[in-house]
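**Student:** Place chain B on chain A using the hints.
If you're matching them up, the sequences are chains A and B in order.
The numbering of the first sequence is the working numbering, which starts it at -11 and goes up by one.
The numbering of the second sequence is the working numbering, which starts it at 328 and goes up by one.
Heads up, a few of these hints could be off.
What the hints assert, rightly or not - Which residues of chain A face chain B? A few of them, derived with a C-beta cut under 7 angstroms, are: (1) Met33; (2) Lys43; (3) Lys90; (4) Thr95.
As the list claims (entries may be wrong) - Here are some chain B residues the structure puts well away from chain A; computed CB gaps all over 10 angstroms: (5) Gly330; (6) Ser354; (7) Ser358; (8) Gln371; (9) Asn378; (10) Glu380; (11) Arg382; (12) Leu388; (13) Glu389; (14) Glu402; (15) Glu409.
Derived by calculation from the structure, the hints in this document are not laboratory data.
In this text, a Cβ means the ideal position worked out from N, Cα and C, and glycines have one as well.
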Amino acid sequence: AQTVTQSQPEMSVQEAETVTLSCTYDTSESDYYLFWYKQPPSRQMILVIRQEAYKQQNATENRFSVNFQKAAKSFSLKISDSQLGDAAMYFCAYRNGGATNKLIFGTGTLLAVQP
Amino acid sequence: DSGVTQTPKHLITATGQRVTLRCSPRSGDLSVYWYQQSLDQGLQFLIQYYNGEERAKGNILERFSAQQFPDLHSELNLSSLELGDSALYFCASSVAAGGVYEQYFGPGTRLTVT
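The shape of chain A in the complex, shown without the other chains (with noise of 0.2 angstroms):
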């Protein structure tokens, strides 16, 4: 069975820096997808950013990137220019590429960005 692993429960960061938020998993398939759901506090899921594990180039969306490590099997989160709006619980998720389309999160971490 799949498994996603976060192990850090509470991240701080100041404005404008930057924050790397770690995520593991274990998988024995070759077709997956990894996503970062960001979960402010009015509880909506919000999808970050995704990284297809056929593809080398890590994902990058604005200030939000990633570093997927294939082989390691580690897929990090990198906030820059951090913003007090950026202050969510940010959930790693991971998908197989087959014919069902579950979702395995992690446990989270919850961001906070000091002014």
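**Tutor:** Same frame as chain A, now just chain B:
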């Protein structure tokens, strides 16, 4: 706004009762997923429907059941409720059952069992 709607937003009920949570997927999406977010279990997948048929099952209790109707909306039925069923229940939808398609989450229904 993801385009996925869930009703009600909040639900407070007593132990032993039965409730129904409703989800309307984004226009054009055929697949619906239900997730439970609780302090004890974190975020976990419950069940998936695709075009009216059950496609995948996760850690869903026997007291819980779901269905997807011809108009593609879905309902999650929770019966014989226990205190531990208090959680945020999310519905998500995607165009297809697998592949590259994204899942879009609704705002959730917060269930409190007293």
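**Student:** A separate judgement is required for each hint: does it hold in the structure or not?
**Tutor:** Structure-based check of each hint:
The beta carbon of A:Met33 comes within 4 angstroms of a beta carbon in chain B, closer than 7 angstroms, and the hint placing it at the interface holds. For A:Lys43, the suggested interface contact is broken, since its CB lies about 11 angstroms from the closest CB of chain B, more than 7 angstroms. Annotation: A:Lys90 was flagged as interfacial toward chain B, and the flag holds, the nearest CB pair being 4 angstroms apart, inside 7 angstroms. Satisfaction of the interface hint for A:Thr95 is found here, the shortest Cβ-Cβ separation to chain B being roughly 5 angstroms, below the 7 angstroms cut-off.
The Cβ of B:Gly330 sits about 12 angstroms from the closest Cβ of chain A, beyond the 10 angstroms cut-off, so the non-interface label holds. Every C-beta of chain A lies more than 10 angstroms from that of B:Ser354, the closest at about 18 angstroms, which supports listing it as non-interface. Look at B:Ser358: its CB is around 6 angstroms from the nearest CB on chain A, not clear of 10 angstroms, so calling it non-interface is violated. Remark: the non-interface label on B:Gln371 conflicts with the geometry, its nearest Cβ contact in chain A lying 7 angstroms away (cut-off 10 angstroms).
Distance check on B:Asn378: its Cβ is at least 13 angstroms (rounded) from any Cβ of chain A, clearing the 10 angstroms threshold; non-interface status holds. Against the 10 angstroms criterion, B:Glu380 stays outside the reach of chain A, whose nearest CB is about 12 angstroms from its own CB. The claim that B:Arg382 lies off the interface is violated: its Cβ sits roughly 6 angstroms from the closest Cβ of chain A, which falls inside the 10 angstroms cut-off. For B:Leu388, the shortest C-beta to C-beta distance to chain A comes to about 17 angstroms, beyond the 10 angstroms cut-off, and the non-interface label holds.
For B:Glu389, the non-interface assignment is confirmed: its Cβ lies about 19 angstroms from the closest Cβ of chain A, beyond the 10 angstroms cut-off. With 10 angstroms as the threshold on Cβ separation, the claim that B:Glu402 sits away from chain A holds: the shortest Cβ distance comes to roughly 19 angstroms. For B:Glu409, the requirement that its beta carbon stay farther than 10 angstroms from each beta carbon of chain A is met, with the minimum near 22 angstroms.
Hints 2, 7, 8, 11, counting from the list given before, are not met by this structure.
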